[in-house]
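Chains as they are written, first to last, in the working numbering: chain P, 259 to 359; chain S, 24 to 487.
Hints are computed from structural coordinates only; laboratory data are not their basis. There may be inaccurate statements among the hints.
[As the list claims (entries may be wrong)] Computed from the model, here is a short list of chain P residues facing chain S with C-beta under 8 angstroms:
(1) Gly-277
(2) Gly-291
(3) Asp-314
(4) Leu-315
(5) Pro-317
(6) Ser-342
Please read all numbers here as calculations on a predicted model, not as lab measurements. Backbone N, C-alpha and C define an ideal beta-carbon position, used for all residues, glycine too.
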Amino acid sequence: MTFLITFHWGWLLGALALGFAMGWVAVVHRAPGVPRWWMGLLSVLALALVIVALADLVPGRAGYWLELLLLMFVPYLAGCAVGSWLRAWVVFRSMRAKSLG
Amino acid sequence: MRGLFRWSGKWWPGVVPLLVLWGLAAWTSTAPLESDLASRSSAALKDAVLDKTNVMVDGRDVTVRADAFSQSGRSSAVGAVAAVPGVRLVDDETRLVPDAKPFAWSVERDVVRVTLGGNAPLPAVKGKLAEAARSSLKGVDVADQMALARGAPPHFEDAALLLIGQIGQLKDGKFTLSDGDVTLSGMARELGGREAIAAALKKLPDGFKVAANEVKAPPYILQAYKDPVAVTVTLSGNVPDDNIHAVVAGASSRKFFDEKVVDNLKTSIGAPAGFVNAVVPALGALSRLSTGTLVVSDREIKLSGDALYDAAAAQIRLTLPKDVPQGWQVKADISVKPQAAPVDPTVCQQLFSDLLAKGTIRFETDRADIDRDSAGLLDRLVEIALRCPSAPIEVAGHTDAAGEEPANQTLSEKRAQAVIDYFARAGLPADRFTAIGYGSTQPLASNDTSDGRAQNRRIEFLVR
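Isolated chain P, as found in the complex (with noise of 0.2 angstroms):
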């Protein structure tokens, strides 16, 4: 894992990049959210993954790419998480500036 992180810090930063700039438009996007019964399907999906990528299932480049996708979508996730809650901070910030003033 550590090996991992190292050898691929950059995509990763990029990974985590692309995660806060989705996470800090997320907040404000009007479109519509996936459906709660999408989403559990994709935990599932998620999940399963993991569980084949941890047991060492896909042998050579195809595991090494699957493992090298479960890794880039960790800071995603991250990056998503942070970037919306800090957007969520300011938009209420600024919300409360506006009605204060």
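Chain P is already provided as a structure; the job is to place chain S on it using the hints.
Quick look at chain S alone, frame taken from chain P:
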């Protein structure tokens, strides 16, 4: 927290660029990752004792293909690769090298190269043996055809190195190790090479023994050439040591009393058994020839030349094979020198005197048996006697003054008679000769010195 959950439903559009990013990452990083893992896996196997090592990387999975020399070597090699950071799975395709029964190894020498064949137990040993062959035979091409196998006997390396050290002694041939048995064949480069190899093989490590030693040596040769024109005897070839050299040189100077002995002998081991006991009688036979060549080659004696008279030729042909040790072969190609023209008795007397001035007929101490070293001289005397066939000859024996006079008298008579007997065996009529003993009554020199006494012990010929 609720908000985060709500917003997360809107994070999915970013997945598309994320997937693009992932695709780029996979596209660009796979090859560098694989080569990085391959180089570090190979580095991890650097100290492992393996042969034909091949590391293949597919993603983060490493396939190790190699020939290992023990079960623990296999597992430690796989463990070393598994411990490389970044490696996910190790596919163990190592195998044990085959077990050789019997464990055979050979070093072969021919005109142009040395070939190492058979099995070596480890790559390091294989390299060491090839290197040893190169350094012990500088300038000779070394072909390493050794395979690797398990099952080498203990101390294999020491035994193989010892044999490589000896291959230089061969002109061509082969040394083979089969488990603990050493087999040698071929031709030694020089005289004594065979013996040197046999001596070196005494230091073979425990568990090894010489099963067959068929190394042949070049023939062990001694040659002697009697040249009547230059009045020389040239000795060339080999003698086993300084003592035997001295014996051969001493015998030559006594037997060839008239000729100058040119001694070109070299000392070299490798002589056949009974060498000196064969060479001395053979030189004695050569001394009886007018001109001749003696070649002693291993256990074969070839003598060719001209005897001084018929009976001498017959005697040499008959007695030489009996005089040499058993197992030696004699090939005598003796012809007879044409008899010299008859001369006056006075000339005969002169010839006798001249010859006896150069050499003395020797006898065994205090006995009337003629020393074999005097055969050449006696033959020359017979030849002279044949040139004046009608002249009666008086053979006079003299002794030194040591001992009782009656005994000396008897001894001198018997010695004179012994000479006449020799002449009779040579085919001369015995009634031409008269034996007279003078004891010590007619000394030539003082009896006080050993030189003087030696001069006084003599046989004289008087042609009537």
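Here is how each hint holds up against the structure:
no., hint, in the structure
1, Gly-277, "holds, 6 angstroms"
2, Gly-291, "holds, 3 angstroms"
3, Asp-314, "holds, 6 angstroms"
4, Leu-315, "violated, 11 angstroms"
5, Pro-317, "holds, 6 angstroms"
6, Ser-342, "holds, 4 angstroms"
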